[in-house]
Amino acid sequence: MSKQTKIPQEELPEVYIDDILMSIKYFTDEQEFHLAIKDTDTCVRCVDKPCINFCPVGAYRLQEGGTVQIAVQSCIECGTCRVLCPPNNVSWKYPRGGFGVAYKFG
Amino acid sequence: MSSKKIQFDVIVVGAGLAGSTAAAVAARNGLNTAVIERGQQPGGKNFFGGAVYTHALQEIYPDLWDRNPPLERPVTETGFWFMSKDGMVKATVQGGKLNNDPIDAYVALRARFDSWWADQAKSEGAFIIPKTLVEEFIYQDGKVVGVKTDRPQGDVYAPVVIICEGVNNLLTQKLGLIDHDIRPAATALGVKQLISLPAETINARLGLPSNEHGLAISVMGDVSMGMAGLGFLYTAEKAISLGVGVTLEALRKSGVKPYELLQRYLNHPAVAPLIEGGQLMEYGAHLIPEGGWKEMPRLYTDGVMVAGDAATMVNALHWEGTNMAIIAGQQAGLTAVEAHRQGDFSSKTLSAYQAGLKERFVMKDLYQYRNLSRFLDSHPEFMDIYPTFLNDALGMFFSGFGKPKKRLYKDILRTLTSRRPLLKVVGDLVSFGRTIIGI
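Sequence order for the protein chains is D and Y. Numbering (my numbering) for the first sequence: 3 to 108. Numbering (my numbering) for the second sequence: 5 to 443.
None of these hints come from the bench; they were simulated from the model. Be careful, since some hints might not be right.
To be verified - With beta-carbon atoms standing in for the labels, derived distance ranges:
| no. | chain 1 | residue 1 | chain 2 | residue 2 | range |
| --- | --- | --- | --- | --- | --- |
| 1 | Y | His184 | D | Thr30 | 56 to 64 Å |
| 2 | D | Thr30 | Y | Tyr161 | 48 to 56 Å |
| 3 | D | Asp20 | Y | Lys407 | 21 to 29 Å |
| 4 | Y | Gly180 | D | Glu16 | 20 to 28 Å |
| 5 | Y | Gly180 | D | Pro88 | 22 to 30 Å |
| 6 | Y | Asp415 | D | Phe29 | 53 to 61 Å |
| 7 | D | Glu32 | Y | Gly437 | 50 to 58 Å |
Stated by the list, open to error - Examples of chain D residues toward chain Y, derived with CB under 10 Å:
| no. | residue |
| --- | --- |
| 8 | Gln11 |
| 9 | Ile19 |
| 10 | Ile22 |
| 11 | Phe29 |
| 12 | Leu37 |
| 13 | Lys40 |
| 14 | Gly60 |
| 15 | Arg63 |
| 16 | Val92 |
| 17 | Gly102 |
Stated by the list, open to error - Cut-off 27 Å, straight-line C-alpha distance, at most; resulting in silico cross-link-like pairs (BS3-like, lysine-lysine):
| no. | chain 1 | residue 1 | chain 2 | residue 2 |
| --- | --- | --- | --- | --- |
| 18 | Y | Lys362 | D | Lys40 |
| 19 | D | Lys40 | Y | Lys257 |
| 20 | D | Lys95 | Y | Lys135 |
| 21 | Y | Lys257 | D | Lys27 |
Note that the Cβ used here is the ideal one computed from N, Cα and C, for glycine as well.
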């Protein structure tokens, strides 16, 4: 098993993810969200909330009161949250056909 | 409303490299073939480093070069860069055994490449059905006889379904071909920036004689901050692709934001000058099923075969995966053709798919490297101590300190032994060797 420990934030540069996300093309589904938090209280009780960090597009955002909100429109459907959410509290499915991320280059 | 049943000979789920290959081979041999793709167009959901391999492309299309494949640069220089916090040891090869005709590997961009690859399947007679998500299977007498899609009246029937759904293998799991979800220790998250630069600038900065030369580099060491993982650099024609992949397990424990890990790599003193003045063309991320052999689902059951990332067909050390997907797709397509010839779609007939792959590098390599993913996960030394030691040792060797050389060698050795006892070093190297050789 990995002996990995937490890495101090000071060792990393600060990045404004929203600037980077502008390089990604999406076909946003205005009618249906393909991701959802199953139970908001579970997030409040989750101490680490690793989703705030591990999501590669920073779609998981901490709200006042300790709840977590998902910016579904920035999701690139990688599946990290589906696999890593410790209390398995993300309802995850693919967007409807034709919607979601549409890489221009890949 | 018409309730006419939509029937094909073969359904392929996903128009990636495995899917479009399976479809091309099936259609070429006379089968009525549908490829169902959830993206706007094939390739739109796909993201990699990365390179494709001419041996695989030419095996499917011997007239490859007449088809104008959208390839970027041939890989004429490749190897490892060993990164310390502020240094880099570069061990690359160019020319020599790489001077093959054609060159073995080409850098590609998946959105363009996969779209073209699907067009080739179309030219063989396959139907590509984009913007359509496969949600469920249709069963008859307990056997798969088709798929349900998210389109109205979206049921599609075929006696054999080839699943090429990618790393998030939800359909494969639904069928019970594997009894667990992909595991964090055996799956990596890769993040990448594609940075645009004039071709001449890329050539000048990376020492490439022309646009017909390109680089494919694996970066080991400080790039992953001690996490099990690697960095990479590939040259497209007018862009450089830089990324990092680390296991989900290490990522979660580290608390690091993937895009900050990537930015840290881009800020490294040996990397930043390469991309200075470049424009971000695209950022993205994708999971990589690095577990290989040990995480592989069952590859077939009655009426179903699984290929590509969905079947963890990735060689994490050599960054091979696109070639495995293509050869697996081919084998699955051929097996579907044989099943139709026999009129038997049972797992007994479809077992020829796995038997065929066992004769090829696909299963042979995955078996040989079956312990690699676990080895790297349990040996962080290879991601941090050893690359840093290489930097220190070479740096000291080539510095004139005005000290006797005997003392220099002692100092060099001490930079290693202060971090890891010599006996452990020997043990690490031996077990690394055994892991690679596969014993």
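Cross-check of the supplied hints:
1. The hinted range of 56 to 64 Å is not satisfied by His184(Y) and Thr30(D), whose Cβ atoms lie roughly 32 Å apart.
2. Hint check: Thr30(D) to Tyr161(Y), Cβ distance near 32 Å, so the stated range 48 to 56 Å is violated.
3. Range check, Asp20(D) to Lys407(Y): about 52 Å between beta-carbon atoms, so the 21 to 29 Å window is missed.
4. Under the hint 20 to 28 Å, the C-beta atoms of Gly180(Y) and Glu16(D), about 45 Å apart, miss the expected range.
5. For the hinted restraint 22 to 30 Å between Gly180(Y) and Pro88(D), the CB-CB distance of approximately 25 Å keeps it satisfied.
6. At about 59 Å, the CB distance of Asp415(Y) to Phe29(D) agrees with the hint of 53 to 61 Å.
7. The given range of 50 to 58 Å is respected by Glu32(D) and Gly437(Y), whose C-beta atoms sit roughly 55 Å from each other.
8. Here the hint on Gln11(D) is kept, as its CB sits about 8 Å from the closest CB of chain Y, short of 10 Å.
9. At its closest, the beta carbon of Ile19(D) sits 6 Å from a beta carbon of chain Y; the interface hint therefore holds under the 10 Å criterion.
10. Satisfaction of the interface hint for Ile22(D) is found here, the shortest Cβ-Cβ separation to chain Y being roughly 5 Å, below the 10 Å cut-off.
11. With its C-beta approaching chain Y no nearer than about 6 Å, Phe29(D) sits inside the 10 Å limit, and its interface hint holds.
12. Here the hint on Leu37(D) is broken, as its CB sits about 13 Å from the closest CB of chain Y, past 10 Å.
13. For Lys40(D), the suggested interface contact is broken, since its CB lies about 16 Å from the closest CB of chain Y, more than 10 Å.
14. This hint holds: Gly60(D) has a C-beta 7 Å from the nearest C-beta of chain Y, less than the 10 Å allowed.
15. Interface hint status for Arg63(D): violated, as the beta-carbon distance to the closest one in chain Y is roughly 13 Å, over 10 Å.
16. Interface hint status for Val92(D): violated, as the beta-carbon distance to the closest one in chain Y is roughly 12 Å, over 10 Å.
17. At its closest, the beta carbon of Gly102(D) sits 8 Å from a beta carbon of chain Y; the interface hint therefore holds under the 10 Å criterion.
18. For the hint linking Lys362(Y) to Lys40(D), the alpha-carbon distance of about 42 Å lies beyond 27 Å, and the restraint is violated.
19. At roughly 23 Å between alpha-carbon atoms, Lys40(D) and Lys257(Y) fall within 27 Å of each other, so this suggested pair holds.
20. About 15 Å separates the Cα atoms of Lys95(D) and Lys135(Y), which keeps this hinted pair within 27 Å; it holds.
21. About 30 Å separates the Cα atoms of Lys257(Y) and Lys27(D), which puts this hinted pair outside 27 Å; it is violated.
Hints 1, 2, 3, 4, 12, 13, 15, 16, 18 and 21 from the earlier list are contradicted by this structure; the remaining hints agree with it.
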